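Make one complex out of these two single chains by using the hints.
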Amino acid sequence: MNKKHKEILENIRNEFPILDQKINGEDLVYLDNAASTQKPKSVINAIKDYYENDHSNVHRGVHTLSVRATEAYENARSKVADFLNSPNKHQIIFTKGTTDSVNLIASSVTNLIQENDEILISSMEHHSNIVPWQELCKRTGALLKVIPINENGELLIDEYEGMVSDKTKLVSVVHLSNTLGTINPIEDIIRIAKSYDVITMIDGAQAAGHLPIDVQELDCDFYLFSGHKIFGPTGIGVLYGKEEILNKIDPYQFGGEMILKVTFEETTYNDLPHKFEAGTPNIAGAVGIGASIDFINNLDRDLCHQYEMELHDYALEKLEEIDGINIIGKSTNKSAIISFVIEGMHPHDIGTIINQKGIAVRTGHHCTMPLMDFYGIPGTVRASFSIYNNHAEVDKLIDAIKLAIKMLK
Amino acid sequence: MVSKLYKKQLIELSNNPYNFGKPDEIFSKKETFNKLCGDKITVYQKGDPLTSIELWFESVSCIICSASASLLTKNTEGMELNNCIDFIRNVETAIKNGTLLDHKFAENLNCLDEIKNYPSRTTCATLPWSTANELLK
Numbered sequence: 001m002n003k004k005h006k007e008i009l010e011n012i013r014n015e016f017p018i019l020d021q022k023i024n025g026e027d028l029v030y031l032d033n034a035a036s037t038q039k040p041k042s043v044i045n046a047i048k049d050y051y052e053n054d055h056s057n058v059h060r061g062v063h064t065l066s067v068r069a070t071e072a073y074e075n076a077r078s079k080v081a082d083f084l085n086s087p088n089k090h091q092i093i094f095t096k097g098t099t100d101s102v103n104l105i106a107s108s109v110t111n112l113i114q115e116n117d118e119i120l121i122s123s124m125e126h127h128s129n130i131v132p133w134q135e136l137c138k139r140t141g142a143l144l145k146v147i148p149i150n151e152n153g154e155l156l157i158d159e160y161e162g163m164v165s166d167k168t169k170l171v172s173v174v175h176l177s178n179t180l181g182t183i184n185p186i187e188d189i190i191r192i193a194k195s196y197d198v199i200t201m202i203d204g205a206q207a208a209g210h211l212p213i214d215v216q217e218l219d220c221d222f223y224l225f226s227g228h229k230i231f232g233p234t235g236i237g238v239l240y241g242k243e244e245i246l247n248k249i250d251p252y253q254f255g256g257e258m259i260l261k262v263t264f265e266e267t268t269y270n271d272l273p274h275k276f277e278a279g280t281p282n283i284a285g286a287v288g289i290g291a292s293i294d295f296i297n298n299l300d301r302d303l304c305h306q307y308e309m310e311l312h313d314y315a316l317e318k319l320e321e322i323d324g325i326n327i328i329g330k331s332t333n334k335s336a337i338i339s340f341v342i343e344g345m346h347p348h349d350i351g352t353i354i355n356q357k358g359i360a361v362r363t364g365h366h367c368t369m370p371l372m373d374f375y376g377i378p379g380t381v382r383a384s385f386s387i388y389n390n391h392a393e394v395d396k397l398i399d400a401i402k403l404a405i406k407m408l409k
Numbered sequence: 001m002v003s004k005l006y007k008k009q010l011i012e013l014s015n016n017p018y019n020f021g022k023p024d025e026i027f028s029k030k031e032t033f034n035k036l037c038g039d040k041i042t043v044y045q046k047g048d049p050l051t052s053i054e055l056w057f058e059s060v061s062c063i064i065c066s067a068s069a070s071l072l073t074k075n076t077e078g079m080e081l082n083n084c085i086d087f088i089r090n091v092e093t094a095i096k097n098g099t100l101l102d103h104k105f106a107e108n109l110n111c112l113d114e115i116k117n118y119p120s121r122t123t124c125a126t127l128p129w130s131t132a133n134e135l136l137k
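Going down the list, the sequences are from chains A and B.
For the record, in the first sequence the residue sitting at position 408 is 408 according to my numbering, with numbers rising by one throughout.
For the record, in the second sequence the residue sitting at position 110 is 110 according to my numbering, with numbers rising by one throughout.
Same shape as in the complex, but just chain B (with noise of 0.2 Å):
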């Protein structure tokens, strides 16, 4: 059911995203383009990476990327930088499996683990943590 999909706490984090917009102080950034359909996403990095991570985000796209670049904006706030850079590609790799629920992750994130169910809108939750694994890496 698409419901499961599009549940509450998704289109919640759509509507109020977390660290949304640009930074007043931007150490580096990285812009991408989902390929499929040409959405943007701008991820921040707002000081230096090398004393904490505080990611934010800028993006034109539908309510999974949205939701989705929240969710990574929230779990990676403070991380170091290496671990950061794990964290994300595990989520990312988890994605795209289809095995979110097979990790000990934040709960908040298996929102996303229904996106399994629709493959074509894969890159749409993945875009913002391989933009932010570009970012940092």
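Same shape as in the complex, but just chain A (with noise of 0.2 Å):
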């Protein structure tokens, strides 16, 4: 990395005000990026100048401030719409995060699953691509089938594509996985499920901020992330859709802004994309997750990704000199997340002494205690990186580690 790259990277730290400060009398370390990104001032003053100046409630209003709320929150639309290559806005649905996403789908989709239909999702899956699949199944009879993944954390692609069929209804997979950092190879996932006519929803929350979405490359009929992983704010969502299918399923809620004409005997309900939006909106969310698309079009992506990886690359080779350590997710395609066990220690035990460092990690099962059962461990330490981290952190945290162990050997 030259010096310029340098000189640009130090700058885009500098963007985000949260990490000038010091836990427990030591510089903060934030390695927690996989649960949450922190926010650049961009965003942070977009949130407060929409408050301070154009706030009002959305569609309808024929005041100056409805106006510019409506254009505030359509605009962050197009936005997002540009960053997924979705053909049109109208496919770009707001919800409250990617679970809400998620609910949302396995709700509407409701009507095209039938008894015996089949469910695909993989062993790496977080709670929220599982829960609302196990509840479709019991609304409609149908079964979840879990596609397999090897020790490296990695999916078992042959196997999956036995298990497509003509009984599958839809296969639900992560792009990245938050526990594992593996980037799976969802072109073929899609391809594969496109060759049996199933409905194909990718769990983007994790990829979102790392790797260029291109949907109609893609050819996935479902897409969805959170603005709060984005370096954009927590309470907004985003789900794409296919267009014909968004027209074929069912709304997830009911009420105001869903709907064109409403008596008391029948409804009618409203165009994409509000007929998936009841309810004033995350307007504020909108605006925030518009300037997080803003602040991430500003970077150089492929720069960044280096940048991550060669964290990535330092830490691991630095994690794996310690006596006692297991990386858990090997993949050879992968993400710069790290996460880790110590042999006889217990994750939690850890994460607590490394914060009396300043250092922020996320320890336990991630919201994925089926994939820890698979590695046969309750939980793990993750160190998940980001663009604002630098080496000095990396030895931060390996020096914090070091006195972990000896403090609880």
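These are calculated hints, taken from the structure and not from any lab test.
The reader is advised that the hints may include incorrect statements.
Straight-line Cα separation of at most 27 Å, DSS-like style, residue types lysine-lysine; simulated pairs [as the list claims (entries may be wrong)]:
#1 LYS7/B x LYS396/A
#2 LYS46/B x LYS409/A
#3 LYS96/B x LYS357/A
#4 LYS409/A x LYS137/B
#5 LYS41/A x LYS396/A
#6 LYS41/A x LYS357/A
#7 LYS116/B x LYS409/A
#8 LYS406/A x LYS4/B
#9 LYS116/B x LYS406/A
#10 LYS137/B x LYS46/B
#11 LYS396/A x LYS4/B
#12 LYS46/B x LYS138/A
#13 LYS406/A x LYS7/B
#14 LYS357/A x LYS4/B
#15 LYS357/A x LYS116/B
#16 LYS137/B x LYS357/A
#17 LYS248/A x LYS79/A
Just so you know, these numbers come straight off a predicted model, no measurement behind them.
Here it is in structure tokens:
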């Protein structure tokens, strides 16, 4: 990495005011980015500016503030559409987050699923991509099947291919595993599913902030992600859907905004995207996610990805030098997430001790309990990197882990 | 300081827990999970609790939880049932409220006092006691 690139990355770090603080008397080292990224000034200011200058309720208002708020909200939708290369903006539904998006689909496709139909998910799914499908299966009598993985944390694509059949109605797979860092071959997963005319849903919660996404090239039916993992606010998420299927499935929630006409006898639903956005939406959240997309678009994404992986490789090399550490997730295609366990030590104890040194990592099962069962462990310590982290922070992490091991032995 | 939490006594209790494992005779048992992290603990009452309390435990848990469980089994051994239930409830409440040192509990319980400065870990310390309460009540 040359001097100019280093300067660019240092400037990026300065955009995140929260990082400039002490925790327990030590500089904050924030390595919990897979749980939630921090927010740049531009996102914070966009939300502040919206509330200070433009806030009102959206749609149907004739006064100036309502027009401004509507423009801000719909402008954010256009930014999301461009971000995903959606053919048009009405295929972008704003939700509360990825979990809400999965629930929307799992509820809305009920009318397309029958008894003994099969839903496929993978062994590395987040609980939010397991439980909604279990509930759908309970309602419909459909069967939930799980695509296996190997010890490295890679999907067994050949086994998956053998599982897809005429009975399969929907495949829902994570793009980038929050626990393992594995980047799944979703192009192959979608292609195989399409050969059986199966609905495909990709959980992009982790991927959207790290990888370029082109939903038209992927040809998936649904792609979802959250604002707070791409430098945006919490409480706002995105569901992209193909127009044909969005028109075919039922609304998830009912009320204002999602209707064209209401009488006491019957209701006519609104057009896309409003059919799926009942009630007053999270307007400030949409403004925030729009600002976070602007922020990402202004980055050199190749440089950022290269840098994050450099940090990952550096941390991995240092971690592997420590006796008793076992890395969980060794896929050949992965992102800047490292999960590990230390022989004889519980992740929570490690996490508590290194927090004393100002280091924020996530410990536990990361909402992937079946995956923990697969590895026969209660949880892991997970360090997840973002563009504002640096090599000195990795060194602090390593020193703190060595201290924790010494303390707990 | 985190070293006040991870005292030698606590680590020693976790490494060599008292009445750890499944007893040869099980009168009753209760399994619970730590909602925060998914850790699991099973508390067993060996014989008839109306005769005498003898608790055992198995867990997949952190140092704080297993040390706390060890203190539970040690301090309740031989107690009369109703006294034991009162004691367990009082200790659980004291851990939650950070008032362990205000009571005249056995001195070995004092090593759990520092948990009051780590609110995200309180459940780790209380889980064995709440499980035992569920088992015996």
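Starting from LYS41/A, check that the Cα of LYS396/A is at most 27 Å away, please. holds, 26 Å
Does the structure keep LYS41/A and LYS357/A at a Cα separation of 27 Å or less? The given pair, whose Cα atoms are some 26 Å apart, holds under the 27 Å limit.
Below or equal to 27 Å on CA atoms is what counts here, so check LYS357/A against LYS116/B. Given pair LYS357/A, LYS116/B holds - Cα atoms ~19 Å apart, limit 27 Å.
Would you check the hint for LYS357/A and LYS4/B, treating anything up to 27 Å between C-alpha atoms as holding? At roughly 15 Å apart (the allowed maximum being 27 Å), LYS4/B and LYS357/A satisfy the hint.
Is LYS396/A close enough to LYS4/B, meaning Cα to Cα at most 27 Å? holds, 22 Å
Given pair status - LYS7/B, LYS406/A, alpha carbons within 27 Å: Roughly 13 Å separates the two Cα atoms, so the pair holds.
For LYS116/B and LYS406/A, compute the direct alpha-carbon distance and say whether it is at most 27 Å. Given pair LYS116/B, LYS406/A holds - Cα atoms ~24 Å apart, limit 27 Å.
Given the proposed pairing of LYS46/B with LYS138/A, does the C-alpha separation stay at or below 27 Å? violated, 39 Å
Do the alpha carbons of LYS7/B and LYS396/A lie within 27 Å of each other, as the hint requires? holds, 23 Å
Could you grab the alpha-carbon distance between LYS409/A and LYS137/B and see if it respects the 27 Å cut-off? Judged against 27 Å, a Cα distance of about 37 Å means the pair is violated.
Between the alpha carbons of LYS248/A and LYS79/A, is the straight-line distance 27 Å or under? holds, 25 Å
Taking only the CA atoms, is the gap from LYS46/B to LYS409/A under or equal to 27 Å? violated, 31 Å
In the structure shown, a violation is registered for the earlier hints numbered 2, 4, 12 and 16, in ascending order.
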